[in-house]
Amino acid sequence: MFFKRIGQSKAPHRAVFLALSVVVPSLFLSACMSSEKDVDLSTYVEQTEPADVLYNQGLANLNAGRLQEASRKFSAVDRQHPYSEYARKSMVMGAFADYRQGNYTEAIGSAKRYLTLYPSTDDAAYAQYIIGLSYYRQIRDVTQDQKEARQTVQTMQDLVTRWPDSEYVDDAKEKIRFANDQLAGKEMQIGRYYLERREYIAAVKRFRLVVETYSNTRHVEEALARLTETYYAMGLTSEAQTAAAVLGTNYPDSVWYKDSYKLLQTGGLEPRENAGSWIAKAGKLITGA
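Numbering (full-length UniProt numbering), first residue to last: 1 to 289.
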């Protein structure tokens, strides 16, 4: 019965096949016409442009200040001609174009991708520099979180360490100094807060961090003066005298030193360095701002 039913169904199948043979070609032609109508010819032309043409167009737009158009061209090279030499160049130039537009997240992402794919090329230092600049431009006031300052220091220090002969090293060091100054300023803000609340141990921790870690910033003067004040309030006169002595040695004309000297005099004391104190040891590393 099963084979018999198959035999009986041959005629209907043939009819269906003939019907489809008429319908399918018409549908195919209709689809082709529809797809041709939907093609964006300008996009098609762009997608078939050579990599060098797109790259040079990107450079021209970049030089003319048309940053968005430059980004679009560099992105097109990377997308349409992956793994080519122009795609490699476009990746780092696209990161720069994003940086110039203030698109720092995109710039950082593109530059990091470049470093992952091409860590040993001549432009690797430049990609690292773009990352550092992008973090640097986002550094906020010391009253706010200093995450970007820390990222600036780390990124720019990596640049200095990995590419010591790079043309970007001098500026990287300047950015590091600025970011460290911001970080020290944040610690001073927190330390002053604790000092005002008479939470002396917490205050000492912050001021000590400035003296030991950020000794080449402009905040170290005040940090030593605040340590004098804090230790004096805690009754740790030897540490207070040492802080004032180190302050006087490194900044003899400082207003902070004069104030610290007067404070000690109210208790019949004067600056005197205890060589065994951590402050005396840290004082030898102070270079000034």
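Hint data in this document are derived by calculation from the structure and do not stem from the laboratory. Just so you know, not all the hints are guaranteed correct.
Stated by the list, open to error - For lysine-lysine, the following DSS-like pairs were computed, each having C-alpha atoms within a straight-line distance of at most 30 Å:
no.	residue 1	residue 2
1	K205	K262
2	K284	K173
3	K284	K205
4	K173	K262
5	K112	K205
To be verified - Simulated DEER-style distance windows between Cβ atoms:
no.	residue 1	residue 2	range
6	L269	P119	23 to 31 Å
7	T213	Q101	45 to 53 Å
8	R198	Q157	34 to 42 Å
In this text, all values refer to a predicted model and were calculated from it rather than measured experimentally. For each residue, glycine too, the CB sits at the ideal point set by N, CA and C.
Here is what the structure says about each hint:
The hinted pair formed by K205 and K262 meets the criterion: a straight-line CA distance of about 24 Å does not exceed 30 Å. Pair hint K284 plus K173 holds up; C-alpha atoms about 22 Å apart against a cutoff of 30 Å. Between the alpha carbons of K284 and K205 the distance comes to roughly 19 Å, so the proposed pair stays at or under 30 Å and holds. Only pairs whose Cα atoms come within 30 Å are accepted, and K173 paired with K262 is rejected, the gap being roughly 37 Å.
Among the hinted pairs, K112 with K205 is inconsistent with the structure: their alpha-carbon atoms are about 35 Å apart, more than 30 Å. At about 57 Å, the CB distance of L269 to P119 disagrees with the hint of 23 to 31 Å. Between T213 and Q101 the beta carbons are some 35 Å apart, a value that contradicts the proposed interval 45 to 53 Å. In this structure, R198 and Q157 meet the distance hint of 34 to 42 Å, their C-beta atoms being roughly 37 Å apart.
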